[in-house]
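Assemble the whole structure, with the sequences as input and the hints as a guide.
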Amino acid sequence: MALPDGLRISITPPELELIASHQLIEIVPLISMEKTAFISGAYGPLRPPNKATVPIWMAVNLKAKKKCHIIAPAWLNVDDLENPDKLRSLLKDLREARQAKSRDGLQSLDHSELSVSRPPD
Amino acid sequence: MDWDEYDLLAADGPLAGRTSFIDRARNAPPDDDDVAISDARNVAFTLPTDEDTPLQQLIRHWANERNSPDILPAQEELLVLVLDHIRRQSQTVQLLREDASTSEDEHVRIMLAQTEMERVKFIVRSYVRTRHYKDCPRIRLPDGTALEMRKDHISLVPYEVVEQLVARGEAELV
Chain A
1 MALPDGLRIS ITPPELELIA SHQLIEIVPL ISMEKTAFIS GAYGPLRPPN
51 KATVPIWMAV NLKAKKKCHI IAPAWLNVDD LENPDKLRSL LKDLREARQA
101 KSRDGLQSLD HSELSVSRPP D
Chain B
1001 MDWDEYDLLA ADGPLAGRTS FIDRARNAPP DDDDVAISDA RNVAFTLPTD
1051 EDTPLQQLIR HWANERNSPD ILPAQEELLV LVLDHIRRQS QTVQLLREDA
1101 STSEDEHVRI MLAQTEMERV KFIVRSYVRT RHYKDCPRIR LPDGTALEMR
1151 KDHISLVPYE VVEQLVARGE AELV
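Heads up: the protein sequence lines correspond to chains A and B, in order.
Sequence positions in the first sequence follow the working numbering and run 1 to 121.
Sequence positions in the second sequence follow the working numbering and run 1001 to 1174.
Treat the hints as calculated values from the structure; they're not laboratory data.
Ideal placement from N, C-alpha and C gives every residue a C-beta, glycine not left out.
One or more of the hints may lead you astray.
[Unchecked claim] Beyond 10 Å from chain B on every Cβ pair, some chain A residues (computed):
#1 E34
#2 L91
#3 R98
#4 A100
#5 G105
[As the list claims (entries may be wrong)] Residues from chain B shown here face chain A by an in silico Cβ test under 7 Å; the list is partial:
#6 F1021
#7 L1055
#8 H1085
#9 R1087
#10 Q1089
#11 D1105
#12 R1109
#13 T1115
Okay, structure coming up:
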């Protein structure tokens, strides 16, 4: 076994990413999973729609398989990423698209079916 | 460019305008290392060092080994513990896979366990390789092939190979 030339000088960015991926992050799981003993610790149980705290590597894995939503942590700031202006405009578009969908949804409610009962006196 | 006079934080410097992180760094309150952490959420995300699992300890030793030019003391016991753990996880995964009654959700656990095992195996391999390289750097021959000769071991090679090394001053004839 030998270390390739490029890796001899110091720790590489992908390796740093590996270390960073052990940090915990919050997710909203879309599948259920019993509490499981992994080498790095026990995680779970996953009970949608309750939030859960798992390592980033696990969250990314589940997200890639569309089995969870990742909740952006407090320290993640748009200005720390590349193209913050483009990101901000995309986030704004997302927000507006969702608002439009909610509005459309409300309009398509059948008012004749809705009733509001009087609250007890 | 004279790096000694180059102020990355200058208001008219190269990072002006992209100020979010720099602003926070400049205006950050003094370190509170001596103050008890009152933010419960932060505590939940940090583990105290004396409760480090073997894997966490190995990761620290691996990072130290990757960053230091000299070889550091070997962590044989840690390696044995981690390798044992990998073996046990592997056996568990094997059992679950063979069991036909394993549900869809179980498959997720199997997939995650396998993913984690690959990550841990990478760390173990990288740790061993890094230390081995420091002990015994590879000898590169002109035709590009690399020879691996262990310290204090005897290797049998044709004279032509040795001839090159002697000419380069990397080896002596005895």
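Here's how the hints hold up against the structure:
1. E34: With a cut-off of 10 Å, E34(A) comes too close to chain B, as the shortest Cβ separation is near 7 Å.
2. L91: Given a closest Cβ separation of 15 Å, the condition holds.
3. R98: Holds, since 25 Å exceeds 10 Å.
4. A100: For A100(A), whose nearest Cβ neighbour in chain B is about 30 Å away, the distance exceeds 10 Å, so it holds.
5. G105: holds (31 Å)
6. F1021: Hint on F1021(B): holds, closest Cβ of chain A at ~5 Å, below 7 Å.
7. L1055: With a closest approach of 6 Å, the L1055(B) hint holds.
8. H1085: OK, holds: H1085(B) within 7 Å of chain A, min 5 Å.
9. R1087: violated (11 Å)
10. Q1089: Holds, because the Cβ-Cβ distance from Q1089(B) to chain A comes to roughly 6 Å (cut-off 7 Å).
11. D1105: holds (6 Å)
12. R1109: holds (5 Å)
13. T1115: This interface hint holds because 6 Å falls under the 7 Å limit.
This entry does not satisfy hints 1, 9, going by the numbered hints stated previously.
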